[in-house]
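Protein chains: 2
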Amino acid sequence: MTTPKAPRGRGRPAGSRAGDPGTRERILGAARTLFAERGYDKASIRAIAQAAGVDAALVHHYFGAKEQVFEAAVEVSFAPALGATEALTEGTVDRSEAGERLARYFLDVWENPATRAPLLAVLRSAVTNETAATVLRGFVLRRLLSRVVGELDQPDAALRAQLAASQMIGLAVTRYVLKIEPIASVPTEELVARIAPTLQRHLTGA
Amino acid sequence: MTTPKAPRGRGRPAGSRAGDPGTRERILGAARTLFAERGYDKASIRAIAQAAGVDAALVHHYFGAKEQVFEAAVEVSFAPALGATEALTEGTVDRSEAGERLARYFLDVWENPATRAPLLAVLRSAVTNETAATVLRGFVLRRLLSRVVGELDQPDAALRAQLAASQMIGLAVTRYVLKIEPIASVPTEELVARIAPTLQRHLTGA
Numbered sequence: 001m002t003t004p005k006a007p008r009g010r011g012r013p014a015g016s017r018a019g020d021p022g023t024r025e026r027i028l029g030a031a032r033t034l035f036a037e038r039g040y041d042k043a044s045i046r047a048i049a050q051a052a053g054v055d056a057a058l059v060h061h062y063f064g065a066k067e068q069v070f071e072a073a074v075e076v077s078f079a080p081a082l083g084a085t086e087a088l089t090e091g092t093v094d095r096s097e098a099g100e101r102l103a104r105y106f107l108d109v110w111e112n113p114a115t116r117a118p119l120l121a122v123l124r125s126a127v128t129n130e131t132a133a134t135v136l137r138g139f140v141l142r143r144l145l146s147r148v149v150g151e152l153d154q155p156d157a158a159l160r161a162q163l164a165a166s167q168m169i170g171l172a173v174t175r176y177v178l179k180i181e182p183i184a185s186v187p188t189e190e191l192v193a194r195i196a197p198t199l200q201r202h203l204t205g206a
Numbered sequence: 001m002t003t004p005k006a007p008r009g010r011g012r013p014a015g016s017r018a019g020d021p022g023t024r025e026r027i028l029g030a031a032r033t034l035f036a037e038r039g040y041d042k043a044s045i046r047a048i049a050q051a052a053g054v055d056a057a058l059v060h061h062y063f064g065a066k067e068q069v070f071e072a073a074v075e076v077s078f079a080p081a082l083g084a085t086e087a088l089t090e091g092t093v094d095r096s097e098a099g100e101r102l103a104r105y106f107l108d109v110w111e112n113p114a115t116r117a118p119l120l121a122v123l124r125s126a127v128t129n130e131t132a133a134t135v136l137r138g139f140v141l142r143r144l145l146s147r148v149v150g151e152l153d154q155p156d157a158a159l160r161a162q163l164a165a166s167q168m169i170g171l172a173v174t175r176y177v178l179k180i181e182p183i184a185s186v187p188t189e190e191l192v193a194r195i196a197p198t199l200q201r202h203l204t205g206a
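Read top to bottom, the protein sequences are chains H and V. Reading the first sequence from the start, the letters are residues 1 to 206 in full-length UniProt numbering. Reading the second sequence from the start, the letters are residues 1 to 206 in full-length UniProt numbering.
Hints in this document: simulated from the structure, not taken from any laboratory. Quick reminder that beta carbons are idealized off the backbone N, C-alpha and C, glycines included. Treat the hints with care, since some could be wrong.
Unchecked claim - Partial pick of chain V residues on the chain H-facing surface, computed with a CB cut under 10 Å:
#1 53
#2 184
#3 186
Unchecked claim - In the SDA-like style, the derived pairs of lysine to any residue whose C-alpha atoms are separated by at most 25 Å in a straight line are:
#4 V:42 to V:21
#5 V:179 to H:78
#6 V:42 to H:45
#7 V:179 to H:205
Isolated chain H (complex conformation) (with noise of 0.2 Å):
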């Protein structure tokens, strides 16, 4: 097994292993299993390599540290959670609805069972792990919450688009992770009701 001694990144070096088409991502879902079945804390370097049988070296080659390791599974999971700023102001100038729409997306990514595992481990790894709940904070404020700010266009923006987040997190920990009742099996549209407003005062009210 070839320990490439190149600088790391995407590209796929010269050499057996490294260079297989497919070994990025045979190690990103690798990574992504293990995170979720364990946590950041349990899943090593050696245990994802072992998972996608090949050299822990190989790992570091194309990733780096096991922060950033976490930091491409993050990516990954919230893929499906990227088109909510999208959602928030496409097609439309009426601020009126932001709230009953991103209720609504939040929602239908969460009810997937395939979109919603992953945001659990990873939801999981960061409220256990520091170094997890860094990488995740970083991925929220950049890619997440940064364009529902700029959308905003208001001096406290950064606080509102937080604010309803925080409704947003609340619910998936009550529904989807302490499972409490009646919350747990509320009808989805029921729930848009009722957070809309919530989520609309927070980024456009008064």
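Following the hints, put chain V in place on chain H, whose structure we already have.
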């Protein structure tokens, strides 16, 4: 060291270590420390017993299984939060201030590091372990929300109380766990002003 055969309970049975004054409290203190440091999964009865300087059988004697030890730890950790329902209703018939009083009470409990740390520890365990989540869910429903529900006196009171809880839990996650700025360092009075109308709407709104 004795391994008492008596049925478990809070009473102090005859016999050497099981009868020592403060034994139960010492075990509970060790359990809370270990749950906080390691999370529910990794805090074994054996480790708790060792930290308390007693035999593992004594932990079982006083509490039963690990689940019940965690339940007792949750009880102690949430003691400061139990005043929330009084804060909501005490000395007033005016429901219009419920949101503001609840927001202020919640932030008082979470801003104080002595009361915040054990709550964070419980939240971390519940987010990562299904048994811990079940214990926390039962406690929150029975001891916190049921009283709020009783006070609200509306057919959808349970959902209303849980929506209010979801906003507060989400605030705790963004401010104290993920520490996203600016929500992590906004003055509490500013947060009370932002959150109170949301809680009020969830609790008593149309």
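A quick look at each hint next to the structure:
Interface hint at residue 53 of chain V: violated, since its Cβ lies 28 Å from the closest Cβ of chain H, which is beyond the 10 Å cut-off. Here the hint on residue 184 of chain V is kept, as its CB sits about 9 Å from the closest CB of chain H, short of 10 Å. Using the Cβ-Cβ criterion of 10 Å, the hint placing residue 186 of chain V at the interface with chain H is satisfied: the shortest such distance is roughly 6 Å. For a cut-off of 25 Å, the pair hint linking residue 42 of chain V to residue 21 of chain V is broken: about 28 Å separates their Cα positions.
Among the hinted pairs, residue 179 of chain V with residue 78 of chain H is consistent with the structure: their alpha-carbon atoms are about 19 Å apart, no more than 25 Å. For the given pair, residue 42 of chain V sits about 21 Å from residue 45 of chain H by alpha-carbon distance, which is consistent with the 25 Å threshold. At most 25 Å may separate the alpha-carbon atoms for a hinted pair to count; residue 179 of chain V and residue 205 of chain H meet this at roughly 24 Å.
Violated hints, in rising order: 1, 4; the structure is consistent with all others.
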